[in-house]
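Asker: Sequence:
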Amino acid sequence: MQALDTRSRAILKAIIRVHVDTGKPVSSRTLFRSHRFDLSPASIRNIMADLTDSGFLAQPHTSAGRVPTDRAYRLYIDELMRNRKVADEVREQVDSDLASAGADVARLFEAASRVLSRLSGEVGFVVAPDELHTVVKSLRFLSVAPGKILLVQVNEPDVVVSRLIETDVAYTTAELETISERLTREYGGRTLHDARRQLLHEMAEEKAACDRMLGRALALAERGLERGEGEERLYFHGAAKLLEKPEFADLDSVKRVFRTFDEKARLLDLVTRYLESRGTCVVLGSESAVATDPRLSAVLTSFGPGETLTGMLGVLGPARREYPRVIPVVELLGRAVSDRLETRGLRDAEEDLE
Numbered sequence: 005m006q007a008l009d010t011r012s013r014a015i016l017k018a019i020i021r022v023h024v025d026t027g028k029p030v031s032s033r034t035l036f037r038s039h040r041f042d043l044s045p046a047s048i049r050n051i052m053a054d055l056t057d058s059g060f061l062a063q064p065h066t067s068a069g070r071v072p073t074d075r076a077y078r079l080y081i082d083e084l085m086r087n088r089k090v091a092d093e094v095r096e097q098v099d100s101d102l103a104s105a106g107a108d109v110a111r112l113f114e115a116a117s118r119v120l121s122r123l124s125g126e127v128g129f130v131v132a133p134d135e136l137h138t139v140v141k142s143l144r145f146l147s148v149a150p151g152k153i154l155l156v157q158v159n160e161p162d163v164v165v166s167r168l169i170e171t172d173v174a175y176t177t178a179e180l181e182t183i184s185e186r187l188t189r190e191y192g193g194r195t196l197h198d199a200r201r202q203l204l205h206e207m208a209e210e211k212a213a214c215d216r217m218l219g220r221a222l223a224l225a226e227r228g229l230e231r232g233e234g235e236e237r238l239y240f241h242g243a244a245k246l247l248e249k250p251e252f253a254d255l256d257s258v259k260r261v262f263r264t265f266d267e268k269a270r271l272l273d274l275v276t277r278y279l280e281s282r283g284t285c286v287v288l289g290s291e292s293a294v295a296t297d298p299r300l301s302a303v304l305t306s307f308g309p310g311e312t313l314t315g316m317l318g319v320l321g322p323a324r325r326e327y328p329r330v331i332p333v334v335e336l337l338g339r340a341v342s343d344r345l346e347t348r349g350l351r352d353a354e355e356d357l358e
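The number in my numbering is simply the position in the sequence shown, starting from 1, with 4 added.
Wrong hints could be hidden among the right ones.
Said to hold, decoys possible - Label-pair ranges, simulated between beta-carbon atoms:
{"#": "1", "residue 1": "Met-85", "residue 2": "Ser-47", "range": "24 to 32 angstroms"}
{"#": "2", "residue 1": "Leu-168", "residue 2": "Ala-103", "range": "15 to 23 angstroms"}
{"#": "3", "residue 1": "Asp-99", "residue 2": "Gly-192", "range": "29 to 37 angstroms"}
{"#": "4", "residue 1": "Asn-50", "residue 2": "Asp-343", "range": "22 to 30 angstroms"}
{"#": "5", "residue 1": "Ala-46", "residue 2": "Ser-100", "range": "20 to 28 angstroms"}
{"#": "6", "residue 1": "Leu-238", "residue 2": "Ser-100", "range": "44 to 52 angstroms"}
{"#": "7", "residue 1": "Asp-25", "residue 2": "Thr-56", "range": "32 to 40 angstroms"}
{"#": "8", "residue 1": "Ala-149", "residue 2": "Glu-83", "range": "42 to 50 angstroms"}
{"#": "9", "residue 1": "Ala-91", "residue 2": "Val-148", "range": "39 to 47 angstroms"}
{"#": "10", "residue 1": "Glu-96", "residue 2": "Leu-247", "range": "28 to 36 angstroms"}
{"#": "11", "residue 1": "Arg-186", "residue 2": "Met-85", "range": "29 to 37 angstroms"}
{"#": "12", "residue 1": "Ser-100", "residue 2": "Glu-291", "range": "47 to 55 angstroms"}
What the hints assert, rightly or not - In the SDA-like style, the derived pairs of lysine to any residue whose C-alpha atoms are separated by at most 20 angstroms in a straight line are:
{"#": "13", "residue 1": "Lys-17", "residue 2": "Ser-100"}
{"#": "14", "residue 1": "Lys-152", "residue 2": "Leu-180"}
{"#": "15", "residue 1": "Lys-249", "residue 2": "Tyr-327"}
{"#": "16", "residue 1": "Lys-89", "residue 2": "Ala-68"}
{"#": "17", "residue 1": "Lys-17", "residue 2": "Arg-329"}
{"#": "18", "residue 1": "Lys-249", "residue 2": "Gly-289"}
{"#": "19", "residue 1": "Lys-249", "residue 2": "Arg-324"}
{"#": "20", "residue 1": "Lys-89", "residue 2": "Arg-21"}
{"#": "21", "residue 1": "Lys-249", "residue 2": "Pro-322"}
{"#": "22", "residue 1": "Lys-17", "residue 2": "Phe-36"}
{"#": "23", "residue 1": "Lys-245", "residue 2": "Thr-26"}
{"#": "24", "residue 1": "Lys-17", "residue 2": "Tyr-327"}
{"#": "25", "residue 1": "Lys-17", "residue 2": "Gly-106"}
{"#": "26", "residue 1": "Lys-28", "residue 2": "Thr-10"}
{"#": "27", "residue 1": "Lys-141", "residue 2": "Arg-122"}
{"#": "28", "residue 1": "Lys-141", "residue 2": "Pro-64"}
{"#": "29", "residue 1": "Lys-249", "residue 2": "Asp-54"}
{"#": "30", "residue 1": "Lys-152", "residue 2": "Gly-125"}
{"#": "31", "residue 1": "Lys-89", "residue 2": "His-39"}
{"#": "32", "residue 1": "Lys-141", "residue 2": "Leu-203"}
{"#": "33", "residue 1": "Lys-152", "residue 2": "Arg-122"}
{"#": "34", "residue 1": "Lys-249", "residue 2": "Pro-29"}
{"#": "35", "residue 1": "Lys-141", "residue 2": "Pro-309"}
{"#": "36", "residue 1": "Lys-28", "residue 2": "Gly-192"}
{"#": "37", "residue 1": "Lys-17", "residue 2": "Asp-57"}
{"#": "38", "residue 1": "Lys-28", "residue 2": "Asp-9"}
{"#": "39", "residue 1": "Lys-28", "residue 2": "Arg-75"}
{"#": "40", "residue 1": "Lys-141", "residue 2": "Ser-184"}
Simulated from the structure, these hints should not be mistaken for laboratory data.
All C-beta atoms, glycine included, are put in the ideal place defined by N, C-alpha and C.
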């Protein structure tokens with residue numbers, strides 16, 4: 005912690021740790037009894053007063069104790085970011101949980117948000133890549149049962165998304181291969197957003213073209229590229245866990261917190277601001293207008309296959325959290341999701357069908 009002398013830094017770190025553990029304001033008497041400082045209670049009290057004047061501590065109206073401010077947490081976090089580890093058993097648990105998602109990207113994001121919530125005790129969230137940046141690489145249609153066709157959509161770089169299409173139209177294997185090649189030529193290299201727009205344009209022109217194969221191809225493309233009812237860009241899990249936090253015990257706080265999740269644009273705005281950031285960052289409530297309650301803060305990291313950063317994940321909760329434990333967990337999930345996106349290929353999706 006910079007800009008503080010050794011004694012002030014030690015006192016501030018102790019206050020943060022006690023407050024994180026208890027959720028209550030910390031008094032000089034508590035510090036004197038719980039820590040072996042070579043200082044008198046009066047000296048501790050004077051240092052706490054200086055820290056308060058400097059903006060590192062605040063005093064609630066109803067208590068003689070002090071609580072850390074966002075400025076204190078920022079110094080504490082910046083120091084932690086230089087030395088962070090995650091236990092091997094946690095790493096193994098994450099690998100196992102994400103492996104259960106198989107080849108489906110949506111299930112991967114859902115699993116990641118659930119794991120983040122469980123390991124942090126807060127709200128875990130994943131913001132998936134949006135259609136404005138998702139580039140379609142190839143489209144392949146496979147017949148898996150009568151009336152059922154699997155679309156295996158590969159996005160750049162080798163991110164596989166599969167969708168089961170139910171249809172009354174009978175397609176031969178040869179037709180599906182021809183359609184796959186044709187649509188890949190048409191939409192390969194385009195963003196998903198542009199591909200959907202082009203599809204609408206071509207469907208309008210097809211009505212006057214009398215091209216039977218084109219019509220059958222566009223019918224499949226329409227079903228495959230349409231936005232599903234359950235298709236979400238934001239996945240989050242564990243919102244009810246915030247109700248267990250003392251900071252959000254009153255009804256007004258609960259309303260403000262859940263308004264944050266209802267107004268998903270706030271979290272998406274957070275991604276827009278920090279997506280290009282390399283590595284993990286901590287956004288405190290006073291530093292961002294993301295949350296409807298300034299006591300909410302986020303630990304987040306971007307992810308994507310290779311060097312391409314396309315999404316973001318993290319946890320949302322009070323600034324009073326166990327940063328030495330939470331930061332490594334978020335980093336681990338970011339790397340794990342990136343690795344799975346990078347190594348997943350078309351063969352993985354086909355193997356899941358067998």
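Asker: It remains to establish, for every hint, whether it holds in the given structure.
Answerer: Each hint tested on the structure:
1. Distance hint check: the CB atoms of Met-85 and Ser-47 are about 30 angstroms apart, consistent with the given range 24 to 32 angstroms.
2. For the pair Leu-168 and Ala-103, the beta carbons lie near 22 angstroms from each other, so the given range of 15 to 23 angstroms is met.
3. Checked against the hint of 29 to 37 angstroms, the pair Asp-99 and Gly-192 passes, with Cβ atoms roughly 33 angstroms apart.
4. Distance hint check: the CB atoms of Asn-50 and Asp-343 are about 51 angstroms apart, inconsistent with the given range 22 to 30 angstroms.
5. Ala-46 and Ser-100 have their C-beta atoms about 53 angstroms apart, which leaves the hinted 20 to 28 angstroms range violated.
6. Leu-238 and Ser-100 have their C-beta atoms about 25 angstroms apart, which leaves the hinted 44 to 52 angstroms range violated.
7. A hinted range of 32 to 40 angstroms for the beta carbons of Asp-25 and Thr-56 is inconsistent with their spacing of about 21 angstroms.
8. A C-beta distance of roughly 57 angstroms is found between Ala-149 and Glu-83, which places it outside the suggested range of 42 to 50 angstroms.
9. The hint said 39 to 47 angstroms for the Cβ distance between Ala-91 and Val-148, and at roughly 41 angstroms that hint holds.
10. For Glu-96 and Leu-247, the Cβ-Cβ distance of about 30 angstroms falls inside the hinted range of 28 to 36 angstroms, so the restraint holds.
11. A hinted range of 29 to 37 angstroms for the beta carbons of Arg-186 and Met-85 is inconsistent with their spacing of about 50 angstroms.
12. At roughly 35 angstroms, the beta carbons of Ser-100 and Glu-291 sit outside the given window of 47 to 55 angstroms.
13. Simply put, Lys-17 and Ser-100 have alpha-carbon atoms about 35 angstroms apart, too far for the 20 angstroms limit, and the pair is violated.
14. Restraint check: the Cα-Cα separation between Lys-152 and Leu-180 comes to about 12 angstroms, which is no more than 20 angstroms; the hinted pair holds.
15. A distance of roughly 16 angstroms separates the Cα atoms of Lys-249 and Tyr-327; the hinted pair therefore holds under the 20 angstroms criterion.
16. For the suggested pair Lys-89 and Ala-68, the alpha carbons sit about 36 angstroms apart, so the restraint of at most 20 angstroms is broken.
17. Distance restraint check for Lys-17 and Arg-329: the Cα-Cα separation of roughly 16 angstroms lies within the 20 angstroms cut-off, and the hinted pair is therefore satisfied.
18. Between Lys-249 and Gly-289 the CA atoms are separated by roughly 16 angstroms; this keeps the pair inside 20 angstroms, and the hint holds.
19. Under the criterion of a C-alpha separation no larger than 20 angstroms, the hint pairing Lys-249 with Arg-324 is consistent with the structure, at around 9 angstroms.
20. Restraint check for Lys-89 and Arg-21: the C-alpha separation of about 18 angstroms stays at or below 20 angstroms, so the hint holds.
21. The straight-line distance between the Cα atoms of Lys-249 and Pro-322 is roughly 8 angstroms, inside the 20 angstroms bound, and the hint therefore holds.
22. Under the criterion of a C-alpha separation no larger than 20 angstroms, the hint pairing Lys-17 with Phe-36 is consistent with the structure, at around 14 angstroms.
23. Using a Cα cut-off of 20 angstroms, the hinted pair Lys-245 and Thr-26 holds, with the two alpha carbons roughly 17 angstroms apart.
24. Distance restraint check for Lys-17 and Tyr-327: the Cα-Cα separation of roughly 12 angstroms lies within the 20 angstroms cut-off, and the hinted pair is therefore satisfied.
25. Of the pairs offered as hints, the one joining Lys-17 and Gly-106 is violated, with about 43 angstroms between alpha carbons and a cut-off of 20 angstroms exceeded.
26. With a C-alpha separation of about 25 angstroms, the suggested pair Lys-28 and Thr-10 falls outside the 20 angstroms cut-off, and the hint is violated.
27. Taking the CA atoms of Lys-141 and Arg-122, the gap is about 35 angstroms. The hint is violated against a cut of 20 angstroms.
28. In summary, the hint linking Lys-141 to Pro-64 is not supported, as the alpha carbons are separated by about 56 angstroms, beyond the 20 angstroms threshold.
29. Straight-line distance between C-alpha atoms of Lys-249 and Asp-54 comes to about 29 angstroms, which puts the hinted pair past the 20 angstroms bound.
30. Restraint check for Lys-152 and Gly-125: not satisfied, since their Cα atoms lie roughly 41 angstroms apart, outside the 20 angstroms limit.
31. The straight-line distance between the Cα atoms of Lys-89 and His-39 is roughly 25 angstroms, outside the 20 angstroms bound, and the hint therefore fails.
32. A hinted pair counts as satisfied when its Cα atoms are at most 20 angstroms apart, and Lys-141 with Leu-203 qualifies at roughly 16 angstroms.
33. At most 20 angstroms may separate the alpha-carbon atoms for a hinted pair to count; Lys-152 and Arg-122 exceed this at roughly 36 angstroms.
34. For the hint linking Lys-249 to Pro-29, the alpha-carbon distance of about 14 angstroms falls within 20 angstroms, and the restraint holds.
35. The hinted pair formed by Lys-141 and Pro-309 meets the criterion: a straight-line CA distance of about 14 angstroms does not exceed 20 angstroms.
36. A threshold of 20 angstroms between alpha carbons decides the hint, and for Lys-28 with Gly-192 the separation of about 57 angstroms lies outside it, so the pair is violated.
37. With a CA separation close to 17 angstroms, the supplied pair Lys-17 and Asp-57 stays within the 20 angstroms bound.
38. The suggested pairing of Lys-28 with Asp-9 is violated, with an alpha-carbon distance near 25 angstroms, which exceeds 20 angstroms.
39. Between Lys-28 and Arg-75, the direct Cα distance comes to roughly 18 angstroms. Compliance with the 20 angstroms bound is thereby established for this hinted pair.
40. Pair hint Lys-141 plus Ser-184 holds up; C-alpha atoms about 12 angstroms apart against a cutoff of 20 angstroms.
The structure does not agree with the numbered hints 4, 5, 6, 7, 8, 11, 12, 13, 16, 25, 26, 27, 28, 29, 30, 31, 33, 36 and 38 stated previously, though it agrees with the rest.
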